[in-house]
Amino acid sequence: MSRIKEEKGFSDELIAFITEWKSKPGNLIMILHRVQQEFGYISRDSADTVALMLDIPLASIYGVLSFYHFFKLTKPGEHNIQVCLGTACYLKGGEGLVDEIKNLLGLELGGVTADGKYSLEGVRCVGCCGLAPVMTVSGEVFGKVTKDQLPGIISKFN
Amino acid sequence: MAFRNYILVCGGTACESSKADAIYEALMAECNAQGVSEEVQIVKTGCFGFCEQGPIVKILPEDSFYVQVKPEDAQELIAEHVVKGREVKRLLYSKDPVKRHAKVEDIKFYQKQYRIVLRNCGFIDPENIEEYIAREGYAALEKVLFSMSKEDVIEELKTAGLRGRGGAGFPTWMKWNFTKQAASEEKFIVCNADEGDPGAYMDRSTLEGDPHSVLEAMTIAGHTVGAQKGLIYIRAEYPLAIHRLEIAMKQAREYGLLGTDILGSGFDFDIEIRLGAGAFVCGEETALLASIEGRRGMPVPRPPFPAVKGLWGKPTVINNVETWANIPVIIIKGGDWFSQIGTQDSHGTKVFALTGKIRNSGLVEVPMGTTLREIIYDIGGGIAHDKAFKAVQTGGPSGGVITKDYLDTPIDFGSLSKLGSMMGSGGMIVMDEDDCIVDVVKFYLNFSVDESCGKCSPCRIGGRSLANLLEKITKGNGEMADIDRMREIGEAMKKASLCALGQTAPNPILSTLHYFRDEYLAHIIDKKCPAGKCKSLITYSINPEKCIGCTACARKCPVGAISGERRAVHKIDPAACIKCGVCFEVCKFGAVDVR
Ligand SMILES: Cc1cc2nc3c(=O)[nH]c(=O)nc-3n(C[C@H](O)[C@H](O)[C@H](O)COP(=O)(O)O)c2cc1C
Ligand code: SF4
Ligand code: SF4
Ligand code: FES
Chain A
30 MSRIKEEKGF SDELIAFITE WKSKPGNLIM ILHRVQQEFG YISRDSADTV
80 ALMLDIPLAS IYGVLSFYHF FKLTKPGEHN IQVCLGTACY LKGGEGLVDE
130 IKNLLGLELG GVTADGKYSL EGVRCVGCCG LAPVMTVSGE VFGKVTKDQL
180 PGIISKFN
Chain B
-13 MAFRNYILVC GGTACESSKA DAIYEALMAE CNAQGVSEEV QIVKTGCFGF
37 CEQGPIVKIL PEDSFYVQVK PEDAQELIAE HVVKGREVKR LLYSKDPVKR
87 HAKVEDIKFY QKQYRIVLRN CGFIDPENIE EYIAREGYAA LEKVLFSMSK
137 EDVIEELKTA GLRGRGGAGF PTWMKWNFTK QAASEEKFIV CNADEGDPGA
187 YMDRSTLEGD PHSVLEAMTI AGHTVGAQKG LIYIRAEYPL AIHRLEIAMK
237 QAREYGLLGT DILGSGFDFD IEIRLGAGAF VCGEETALLA SIEGRRGMPV
287 PRPPFPAVKG LWGKPTVINN VETWANIPVI IIKGGDWFSQ IGTQDSHGTK
337 VFALTGKIRN SGLVEVPMGT TLREIIYDIG GGIAHDKAFK AVQTGGPSGG
387 VITKDYLDTP IDFGSLSKLG SMMGSGGMIV MDEDDCIVDV VKFYLNFSVD
437 ESCGKCSPCR IGGRSLANLL EKITKGNGEM ADIDRMREIG EAMKKASLCA
487 LGQTAPNPIL STLHYFRDEY LAHIIDKKCP AGKCKSLITY SINPEKCIGC
537 TACARKCPVG AISGERRAVH KIDPAACIKC GVCFEVCKFG AVDVR
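Protein chains in written order, with my numbering: chain A, 30 to 187; chain B, -13 to 581.
Careful, some of the hints might be misleading.
Stated by the list, open to error - Straight-line alpha carbon distances no greater than 30 Å define the calculated DSSO-like cross-link-like pairs of lysine-lysine that follow: (1) K521/B x K131/A; (2) K557/B x K176/A; (3) K574/B x K176/A; (4) K5/B x K101/A; (5) K173/A x K98/B; (6) K53/A x K441/B; (7) K215/B x K53/A; (8) K5/B x K176/A; (9) K173/A x K441/B; (10) K565/B x K176/A; (11) K565/B x K131/A; (12) K319/B x K173/A; (13) K146/A x K542/B; (14) K300/B x K53/A; (15) K173/A x K215/B; (16) K514/B x K131/A; (17) K461/B x K185/A; (18) K129/B x K5/B; (19) K51/A x K236/B; (20) K300/B x K176/A; (21) K70/B x K94/B; (22) K176/A x K56/B; (23) K176/A x K146/A; (24) K519/B x K173/A; (25) K131/A x K129/B; (26) K56/B x K185/A; (27) K101/A x K441/B; (28) K319/B x K51/A; (29) K173/A x K236/B; (30) K176/A x K519/B; (31) K94/B x K173/A; (32) K185/A x K5/B; (33) K173/A x K300/B; (34) K574/B x K131/A; (35) K236/B x K53/A; (36) K295/B x K53/A; (37) K519/B x K480/B; (38) K176/A x K480/B; (39) K215/B x K51/A; (40) K146/A x K5/B.
Note that these hints are calculated values from the structure, not bench results.
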């Protein structure tokens, strides 16, 4: 186990979590969530390590990873910007926010800025539809966002 | 000790995002600073439902309803309301600035509502089990454990006529009875909190505002059907709901309401959380069970139904959050009481997430049989910015639209499906004249295509073909034959898809082809988008009569498509224009035309 800590950077808590869940049926998704919580995404290396620790084939891990949208396979920016593209936000101009952020940061959906500071993703309904259009930056939620508020919101996280 | 004032601060996700946390802290600090912290209790509750006006602060016993409160207002609220006993008029809610309404019952948004599911949301601190207990919490569990037989419980649900709120409307008592009668050592109770409909947040608010009601109900089900383990499958996108559930489970265990030998009855039951991972199809019950088992969430054909052969092949009761939240009340007040509420076809209430182009967005709970007009106009306050109503969409990506001719239909499971829509989980999205029906339908279809698990070809291939046809039409390349083609593909998907995702994905198209045929024809024949949404079908131009040459549009145009000298009429080069609409937004003189 100490090799996993040193070489793969898995924290003690993460290793303890995996050990605890190892014997529980249906553990894989919960473990992958925990890995993503620690690293912000699930690298090839992390997936390998999980396969090793659970003694299951890597392919079955990628089968699950590719099915579920929530899991990220590439490293997000330091501040991940999520723009809601659920129905309520779509009607109230969520796409316009995406376009404006693309312009402001020179980013595509799913991309990361060159300095690794920001990444941009479209998500489905964060459950604040009453405040549409909604976006989040590093987990902080912003509601009733207008395009001219965007530079201010983004620079808050600089 | 009784407090002089109770201050309730909305701490639902929507309000957290409007900085309810900061308000809570500011109120605390002010109470200390002004020396009244001993006399005031401040409670962070779940969602009040009136999200449009959030963050909301309610002060008892006066029942003063303060809206859009900012942390800076804390000083005045404490100094005036608490210390001097004078309401802070400028923060009270009112549509009429002269006659400010102070009381909750005066607010139209709440008048036609009837709260069973949301009974505690906005009234209790969801992180404190004692507050739930004080409002008859866990009394139903006690009744079930000590003074009702298992058969009585099923009978009560049957009398109540409770039908599942997750979409399908299946009678809850039947499910429970199947599982109860199934012979098995091991059985499971599952709560479906996957809430995948993009534009709906009823379940989220219930879990954030009143998590114990779901835990209590699941425990009741466990006792009734003979299960010892419950699982809550919840979207990972709902961190606050997960956090509050974890607190609630911990407290329930400490109080002997969960775990071994519950309330000394000898009955053991515990609950565990399992996280979803952003796949809409996992809301479907067989896919959900596959996901809990740690696999890709692919539906399997039913029967066998989960009630008989579910999680790990064992009999499993699976119900939706809102269904669960109804159960403790039914046990306490009785099935007869519940069956009096609503319509012949559907008893009880339904929670809707009222969003889109509505003046008062928020969560509303109404008796079944309330009309759409009452929900949209009386509760919702009508269409925002006085635009014209166009349609309302219910049932999310599986539902259909309802037009103004049907606004007086009393809504229940039966009436909505008769109109070609469905109850669904409770998303209710209002569209106005600026929304293009074809564009919105394309949005839903793309959603369903993205979310198809790909297991069966009618859904995988049919959905893609429908999305492609819609794309073609909104690009201005549609032909009349496409209408029949879409109808044929849609009907085939309805019949041949394996699960309800594929079976219902064509609903938005089929229903709008029926009610909004003209709008499709405008796109196909005239190559026009009447609402001005579909970019390929519109052009931007500047009206020389109105343009005063302020240069605002030219400065903002991202591609430099606008030319013109200061104080002279400007002009858009159609070849360069990317139709971003910025010029339309910035022109203060209404000189930019969209056609
Ligand atoms: C594609 C699809 C998505 C669904 N999503 C949900 C959901 O998000 N939440 C939910 O409770 N039920 C959802 N359902 C319905 C469930 O399959 C199931 O009917 C429900 O959980 C049963 O609980 P109930 O009887 O209490 O409604 C979905 C069904 C389908 C076909
Ligand atoms: S209908 Fe669609 S989602 Fe359902 S099983 Fe078939 S492919 Fe999968
Ligand atoms: S719509 Fe956008 S690209 Fe076209 S002229 Fe206006 S600002 Fe420029
Ligand atoms: S649709 Fe954007 S928060 Fe629900």
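Comparing the hints with the structure gives:
Restraint check: the Cα-Cα separation between K521/B and K131/A comes to about 18 Å, which is no more than 30 Å; the hinted pair holds. Of the pairs offered as hints, the one joining K557/B and K176/A holds, with about 24 Å between alpha carbons and a cut-off of 30 Å not exceeded. Our distance criterion of 30 Å between C-alpha atoms is met by K574/B and K176/A, whose separation comes to about 17 Å. Distance hint between K5/B and K101/A is fulfilled; the C-alpha atoms sit about 29 Å from each other, no more than 30 Å.
With a CA separation close to 26 Å, the supplied pair K173/A and K98/B stays within the 30 Å bound. Restraint check for K53/A and K441/B: the C-alpha separation of about 27 Å stays at or below 30 Å, so the hint holds. A C-alpha spacing of about 14 Å is found between K215/B and K53/A, which places the hinted pair at or below 30 Å, so the restraint holds. Distance hint between K5/B and K176/A is fulfilled; the C-alpha atoms sit about 20 Å from each other, no more than 30 Å.
The suggested pairing of K173/A with K441/B is violated, with an alpha-carbon distance near 38 Å, which exceeds 30 Å. Distance hint between K565/B and K176/A is fulfilled; the C-alpha atoms sit about 16 Å from each other, no more than 30 Å. Restraint check for K565/B and K131/A: satisfied, since their Cα atoms lie roughly 16 Å apart, inside the 30 Å limit. Pair hint K319/B plus K173/A does not hold up; C-alpha atoms about 40 Å apart against a cutoff of 30 Å.
With a CA separation close to 26 Å, the supplied pair K146/A and K542/B stays within the 30 Å bound. For the hint pairing K300/B with K53/A, the CA-to-CA distance comes to about 16 Å; that is within 30 Å, so the pair holds. This hinted pair does not check out: K173/A and K215/B have alpha carbons roughly 41 Å apart, beyond 30 Å. For the given pair, K514/B sits about 28 Å from K131/A by alpha-carbon distance, which is consistent with the 30 Å threshold.
Between K461/B and K185/A the CA atoms are separated by roughly 39 Å; this puts the pair beyond 30 Å, and the hint is violated. For the given pair, K129/B sits about 40 Å from K5/B by alpha-carbon distance, which is inconsistent with the 30 Å threshold. With a C-alpha separation of about 23 Å, the suggested pairing of K51/A with K236/B holds against the 30 Å cut-off. Restraint check for K300/B and K176/A: the C-alpha separation of about 52 Å exceeds 30 Å, so the hint is violated.
The suggested pairing of K70/B with K94/B holds, with an alpha-carbon distance near 29 Å, which does not exceed 30 Å. As the CA atoms of K176/A and K56/B are separated by approximately 22 Å, the hinted pair is consistent with the 30 Å bound. Annotation: proposed proximity of K176/A to K146/A holds, straight-line Cα distance about 20 Å (limit 30 Å). Among the hinted pairs, K519/B with K173/A is consistent with the structure: their alpha-carbon atoms are about 20 Å apart, no more than 30 Å.
Pair hint K131/A plus K129/B does not hold up; C-alpha atoms about 58 Å apart against a cutoff of 30 Å. At roughly 19 Å between alpha-carbon atoms, K56/B and K185/A fall within 30 Å of each other, so this suggested pair holds. Taken as a hint, the K101/A and K441/B pair is honoured in the structure, with Cα atoms around 23 Å apart against an allowance of 30 Å. Restraint check: the Cα-Cα separation between K319/B and K51/A comes to about 44 Å, which exceeds 30 Å; the hinted pair is violated.
Under the criterion of a C-alpha separation no larger than 30 Å, the hint pairing K173/A with K236/B is inconsistent with the structure, at around 35 Å. Taking the CA atoms of K176/A and K519/B, the gap is about 18 Å. The hint holds against a cut of 30 Å. For the hint linking K94/B to K173/A, the alpha-carbon distance of about 23 Å falls within 30 Å, and the restraint holds. For the hint pairing K185/A with K5/B, the CA-to-CA distance comes to about 15 Å; that is within 30 Å, so the pair holds.
For a cut-off of 30 Å, the pair hint linking K173/A to K300/B is broken: about 46 Å separates their Cα positions. Simply put, K574/B and K131/A have alpha-carbon atoms about 25 Å apart, close enough for the 30 Å limit, and the pair holds. Taking the CA atoms of K236/B and K53/A, the gap is near 20 Å; set against the 30 Å cutoff, the hint holds. Taking the CA atoms of K295/B and K53/A, the gap is about 20 Å. The hint holds against a cut of 30 Å.
Restraint check for K519/B and K480/B: the C-alpha separation of about 29 Å stays at or below 30 Å, so the hint holds. Using a Cα cut-off of 30 Å, the hinted pair K176/A and K480/B is violated, with the two alpha carbons roughly 40 Å apart. With a CA separation close to 19 Å, the supplied pair K215/B and K51/A stays within the 30 Å bound. Restraint check for K146/A and K5/B: satisfied, since their Cα atoms lie roughly 25 Å apart, inside the 30 Å limit.
In summary, the structure is inconsistent with hints 9, 12, 15, 17, 18, 20, 25, 28, 29, 33 and 38 from the numbered list given earlier, while agreeing with the others.
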